[in-house]
Amino acid sequence: MALVSFKGTREGLSITLGEGVWRDVLNELAAQLGRPSAQSFFHGARVLLDTGPRAIDVIELEELIALLSQHGMTLTSVIGGPNSQDAFEQVRATIPPPPETFEVEPTAEIPAALPADTATAMLIHRTVRSGQRYRYSGTIVIMGDVNPGAEIIAEGDVIVWGKLRGVVHAGASGNDAAIVGALVLAPTQLRIGGYIARAPEERGRARSVTAEIARVREGRIVVEPWSGL
Amino acid sequence: MAGQVITITSGKGGVGKTTATANIGVALARRGQRVACVDADIGLRNLDVVMGLENRIVYDLVDVVEGNAKLRQALIKDKRLPELHLLPAAQTRLKSAVNEAQMQEVCGELKKEFDFVLVDSPAGIESGFKTSVAPADQVLLVVTPEVSSVRDADRVIGLIEAYEKPTPQLIINRLRPALIRRGDMLDTADVLEILAVELIGIVPEDERIISSTNKGQPVALEDHSESGAAFMRIAQRLMGEQVPFQMFAESPGWLERVSKFLRR
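Chains as they are written, first to last, in the numbering used here: chain F, 5 to 233; chain G, 423 to 686.
Just chain F, same shape as in the assembly (with noise of 0.2 Å):
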């Protein structure tokens, strides 16, 4: 596998890193965005990193924030371990904005209603174990399983394709309007924006056979079978 891939997407520009030594990814990847024909074409990108199995730290993660800024781009958000996700946290802060020239004028289109955080997501295509924890600003939609002792917190709504028995927190930020939906809607602890609500006492399997959505509805969190939105 390269130590660096690239991938557009609608979001921007997607990099994934490769297993090897941190130094060689971080050479690589100034030797990508160094050449001429990259030169514009990456400037003023948005980048989500996708560091695959790789635990990113804090320190790799701002000599690629400032290996990025180098070249005109802003990273946006980071998919991964647990451990890239926490590094992200306590340096995004610190990022710089993207830079002014290269910004997409909004346009009226945009409807002004439709909540901010749910314009982005973050897609996790694993089995999250217990342990393990996911933040995201925006919405999270999950391929696989959330195990017992998981924990999954987004600013936007959860969607998760498979079985949720960890704890889920939908609307983060205070969002009461979030939801939380699954194949098989189980979680140990739920919450969402500011209402909590706790798994059944009664030991036992997931009783649900058919996909349900968690969402709140006067003043209480309440669990229904899926039948679109």
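Every clue listed holds true.
Now the in silico label distances, taken between C-beta atoms and shown as ranges:
| hint | chain 1 | residue 1 | chain 2 | residue 2 | range |
| --- | --- | --- | --- | --- | --- |
| 1 | F | R224 | G | G662 | 52 to 58 Å |
| 2 | G | E620 | F | Q193 | 29 to 35 Å |
| 3 | G | R604 | F | V25 | 49 to 55 Å |
| 4 | G | G638 | F | A35 | 56 to 62 Å |
| 5 | F | S231 | G | G662 | 48 to 54 Å |
| 6 | F | R27 | G | M669 | 49 to 55 Å |
| 7 | G | G638 | F | K11 | 54 to 60 Å |
| 8 | G | E527 | F | Q94 | 31 to 37 Å |
| 9 | F | Y199 | G | G662 | 49 to 55 Å |
| 10 | G | E527 | F | A125 | 41 to 47 Å |
| 11 | G | L601 | F | E23 | 40 to 46 Å |
| 12 | F | Y199 | G | M669 | 42 to 48 Å |
| 13 | G | G662 | F | V213 | 38 to 44 Å |
Since the hints were made in silico from the structure, they are not lab data. Don't be surprised by glycine CBs; every beta carbon is placed ideally from N, CA and C.
Mind docking chain G on chain F? Use the hints.
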């Protein structure tokens, strides 16, 4: 051809890591493989006791790492099986006496001479666990069919993936068919459903393990114990043979299924 390093770990203590290490070591040696068992549980060594070799220890892993003894001097040859060897842990030291690089070096040396190097990991997810996983080419995860053990195993799988090691293979230990039939114990399918990793063996609960452990005679030395046979099958699978899994508890009949469903 170089051998492979297999680390046996679990997260939770008391689920049978050491017993599994000793028995898989015996089973592999009985099939003619050259095996070195390494006790990485420094300060709480047990593997020597379970293998019945305690009174032969002169040098240990820490002596080797610190240069007080050569690897060859510290290795103890088993009294029954000439292919089986033990590198014992130090009892008077702490986990910090050996670091990851040192463990990798020792296991790298052993790999040159042995077909299998089995590392018995300490319980927990602290430095001792990291040290014992560092040299692994393959990891075996011992889990008992209990919610707490499965939860810890799940955590350990996540950590091992984060260390960029291959996904562990699962040994379900101390399975009690009678309890499963009554619906009072997690069955194999329940455990696999949560952990979603490959199974390499199912070992039934066996009272003989207790007496054999106390006597330092691993059950895999005997021909007529169910648990010993289960460890033999694990050894065969490690050697690349296809061995069908023995299902110790039949799935419940339709009547039980219905009653279980109604109790949900």
